[in-house]
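Given the sequences, and given the hints that come with them, work out the whole structure.
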Amino acid sequence: MKNYLSINDIDSLPKLVEEAKNLKKNPKANVALGANKTIGLLFFNNSLRTRLSTQKAATNLGLEVMVMNFGNEGWALEYEDGTIMNQGTSEHIKEAAQVVSQYCDIIGIRAFAGLTDKEKDKAEVVLNGFKEYASVPILNMESSVGHPLQGLADAITIDENKTKKRPKVVLSWAPHPKALPHAVANSFIEMMQLQDAEFVLTHPKGYELDPKITNGVTIENNQEKALENADFVSVKNWSSYANYGKVLNQDESWMMTKEKLGKAKFMHCLPVRRNVVVNDAVLDSEQSIVIQQANNRTYAAQIVLKKILENL
Amino acid sequence: MKNYLSINDIDSLPKLVEEAKNLKKNPKANVALGANKTIGLLFFNNSLRTRLSTQKAATNLGLEVMVMNFGNEGWALEYEDGTIMNQGTSEHIKEAAQVVSQYCDIIGIRAFAGLTDKEKDKAEVVLNGFKEYASVPILNMESSVGHPLQGLADAITIDENKTKKRPKVVLSWAPHPKALPHAVANSFIEMMQLQDAEFVLTHPKGYELDPKITNGVTIENNQEKALENADFVSVKNWSSYANYGKVLNQDESWMMTKEKLGKAKFMHCLPVRRNVVVNDAVLDSEQSIVIQQANNRTYAAQIVLKKILENL
Amino acid sequence: MKNYLSINDIDSLPKLVEEAKNLKKNPKANVALGANKTIGLLFFNNSLRTRLSTQKAATNLGLEVMVMNFGNEGWALEYEDGTIMNQGTSEHIKEAAQVVSQYCDIIGIRAFAGLTDKEKDKAEVVLNGFKEYASVPILNMESSVGHPLQGLADAITIDENKTKKRPKVVLSWAPHPKALPHAVANSFIEMMQLQDAEFVLTHPKGYELDPKITNGVTIENNQEKALENADFVSVKNWSSYANYGKVLNQDESWMMTKEKLGKAKFMHCLPVRRNVVVNDAVLDSEQSIVIQQANNRTYAAQIVLKKILENL
Chain A
2 MKNYLSINDI DSLPKLVEEA KNLKKNPKAN VALGANKTIG LLFFNNSLRT
52 RLSTQKAATN LGLEVMVMNF GNEGWALEYE DGTIMNQGTS EHIKEAAQVV
102 SQYCDIIGIR AFAGLTDKEK DKAEVVLNGF KEYASVPILN MESSVGHPLQ
152 GLADAITIDE NKTKKRPKVV LSWAPHPKAL PHAVANSFIE MMQLQDAEFV
202 LTHPKGYELD PKITNGVTIE NNQEKALENA DFVSVKNWSS YANYGKVLNQ
252 DESWMMTKEK LGKAKFMHCL PVRRNVVVND AVLDSEQSIV IQQANNRTYA
302 AQIVLKKILE NL
Chain B
2 MKNYLSINDI DSLPKLVEEA KNLKKNPKAN VALGANKTIG LLFFNNSLRT
52 RLSTQKAATN LGLEVMVMNF GNEGWALEYE DGTIMNQGTS EHIKEAAQVV
102 SQYCDIIGIR AFAGLTDKEK DKAEVVLNGF KEYASVPILN MESSVGHPLQ
152 GLADAITIDE NKTKKRPKVV LSWAPHPKAL PHAVANSFIE MMQLQDAEFV
202 LTHPKGYELD PKITNGVTIE NNQEKALENA DFVSVKNWSS YANYGKVLNQ
252 DESWMMTKEK LGKAKFMHCL PVRRNVVVND AVLDSEQSIV IQQANNRTYA
302 AQIVLKKILE NL
Chain C
2 MKNYLSINDI DSLPKLVEEA KNLKKNPKAN VALGANKTIG LLFFNNSLRT
52 RLSTQKAATN LGLEVMVMNF GNEGWALEYE DGTIMNQGTS EHIKEAAQVV
102 SQYCDIIGIR AFAGLTDKEK DKAEVVLNGF KEYASVPILN MESSVGHPLQ
152 GLADAITIDE NKTKKRPKVV LSWAPHPKAL PHAVANSFIE MMQLQDAEFV
202 LTHPKGYELD PKITNGVTIE NNQEKALENA DFVSVKNWSS YANYGKVLNQ
252 DESWMMTKEK LGKAKFMHCL PVRRNVVVND AVLDSEQSIV IQQANNRTYA
302 AQIVLKKILE NL
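Protein chains in written order, with our numbering: chain A, 2 to 313; chain B, 2 to 313; chain C, 2 to 313.
What the hints contain is simulated information worked out from the structure, not anything from laboratory work.
Below, a list of computed lysine to aspartate or glutamate pairs in the EDC-like style, where the Cα atoms sit at most 16 Å apart: (1) C:K29 <-> A:D106; (2) C:K95 <-> B:D281; (3) C:K95 <-> B:E287.
Pair ranges (Cβ atoms, derived): (4) B:V218 <-> A:K259: 48 to 54 Å; (5) C:E209 <-> A:S136: 36 to 42 Å; (6) C:A33 <-> B:S254: 54 to 60 Å.
Heads up, the beta-carbon is just placed ideally off N, CA and C, and yes, glycines get one too.
See below:
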């Protein structure tokens, strides 16, 4: 693997999931692989799971880890070509990416969607800026458009919990007081299209995602109908894509409950707002597999880093 | 040792002090003990000594260390049960503690008293939230009620400097311009009760600490009288407990001076405001053992982590 | 080497450059040298290159690294002697420096000039405070007066690129919208005086640097004339020294361009504001060696740390 920018950088998802499950049994087996190599984890946004699980994964592979909160520890970056940089930005992505490549063998980037400028978010200026100018592989730790480490962790978790060859998996929108990015939902949908499952996407009208990503996906606006006989229900809020970055409604009736969930397993990428996105009864039940999902973030990151290291 | 939440988690303080002193002679002797294990140090408040000494101690034991400033790098946590989380908090302690437990074998927590809500501070919501929901041992790196790593470092320092079997140790309040927590004083008092010494607590009226902690302790409001023939004088400011979190007075006459100190050794947990809490003449004299105290923070943390690791 | 506070702490620059170039060929050759030792990197200001390259260098030498953003993670420090500390500062440099010395075998310090109080900046209160009170070696990671790791990296880069024994090297001022410190320019000038080269300093009138540093240096206010037949052109903005910390002009005609550069190599310490300090055509050409300069930051730090470690 050269870079890991999107779920679609995976050759065969089922094969990679299998390898991740093996590695989970013996996380230190490849500790020699990263010896004398360094990964830089650059955070332009907050992070708990990604921060700790990616560090853990890198350490399991013997990599040295340098963590940097780019926003308040470094310099404000410029992404436009040809700008006269006499305003707020101090350093161009061209230099920053090349410079960090001198110190790191792999660069991880977390840079969320700003949710104000759709075209800028779609262009993924931070992630793609590093990809274009860095001379080392880039790991997407959540960009404006995707969160492929989460998507891969979700695939591992579904695989570990499925009791039939072709489970029914539902991704359901849920209410939230703040405008959230589309990245997690996008990567979940892309991930589902790389494996054998019955996949249904459900959300209120107005919450349609990028049609390029949902192309070919079954969309059902009736949540109850979508959830029928589901084996896995993954819940997530996102803001409007058409009316970009707007919170159109916070319809409480879309909150996930024990009744709606039926016998399905409950998934969420976390952090999750209790009793807004999902109620306590679901999260505190044995049907919730969110902690297992969080644990699999380590092995998702580790298998991806392993593939990148093997390709160096 | 399962957790280290309070000085009272220590079985035998004199024995632990002895072990810490041995380990100080050969800090790397147990470097294999933490191999392939990870400690997460979560800071909800500023830290210099605790941050560096706990990292150093963990590294001496071969642990991998992940440091996180939870407040500005992670998500605002909710601690109440049953809340509808549609306000400022993004993640519940239930998930956060379980999730961090997936990545770390031990979790260190620093979360100061807010000094506005006495009941909330006494409940130690952050520390106890992690204790309740984490599946790994918890290390208290200063909570609202106690600072047991400091208390243990103080015990080691007293032991190293005492010239008689049963020294006289005084804990004296001192003035300070800001309202400070009770944690350091509490742990010092608890620590003194676990060893053979003549212990006197002195403070102006109104600065009584939690009576549950000072139960059985000699309290003397006349500082001069309290200090008579002292072998060790530990100085610390704290705000009022009864009139919770208030600065009742900044009586300069309580500042520690060379005259008052007599022949005693001077102790302070640091940081210390010079010429407010204690004057330069004391700090710059050979009677001050504050730097040795700070050094012992490493060995206090290391002996505690060693006990926790041996119990894993 | 005891400390590395200034370029002038180097015995023989040509010899050290030679050693750095050898170490660059085999960066892990001395990984045993730092074993069981710890470096603390204390940042009072933002940093990208210094942060990552110094960590990388330390790791190459087998050192444990503890990074701390002192400003927002620790306590506000007092530097004055005898102060009654009842205002904004919580800890005196006397304690802070001694305490950090308990946990670290080497301390790196980054503390920029404030550019408001010339005497205070010249006194280098932070760096010199640590030097005075720490009991371990101090590494200057850019102080108010100098940036000797940058200066050494520049020397390595010039050596790697020179095609004649005595190249002509020009340091040229360039415009910038904000007031910048003199540290990088100072160390470049000091570095040039330690080797055999034709060195010319060029800047508009009013931008004279500290005469103690430029003593004996050829200064030419006509940029075009200064640049004639240059082999290396290092560009940097700095604010006025006489009219301390002021931006006297932002004369665009001083921006470096392809025409002015001629056949010279272009150098800059980065971050650089494109099309303000230098235009895109220069930075994107093969004449720019700024990325190589940034890479050499690792080996500058590593050779200095090696010398310090060998002297421990």
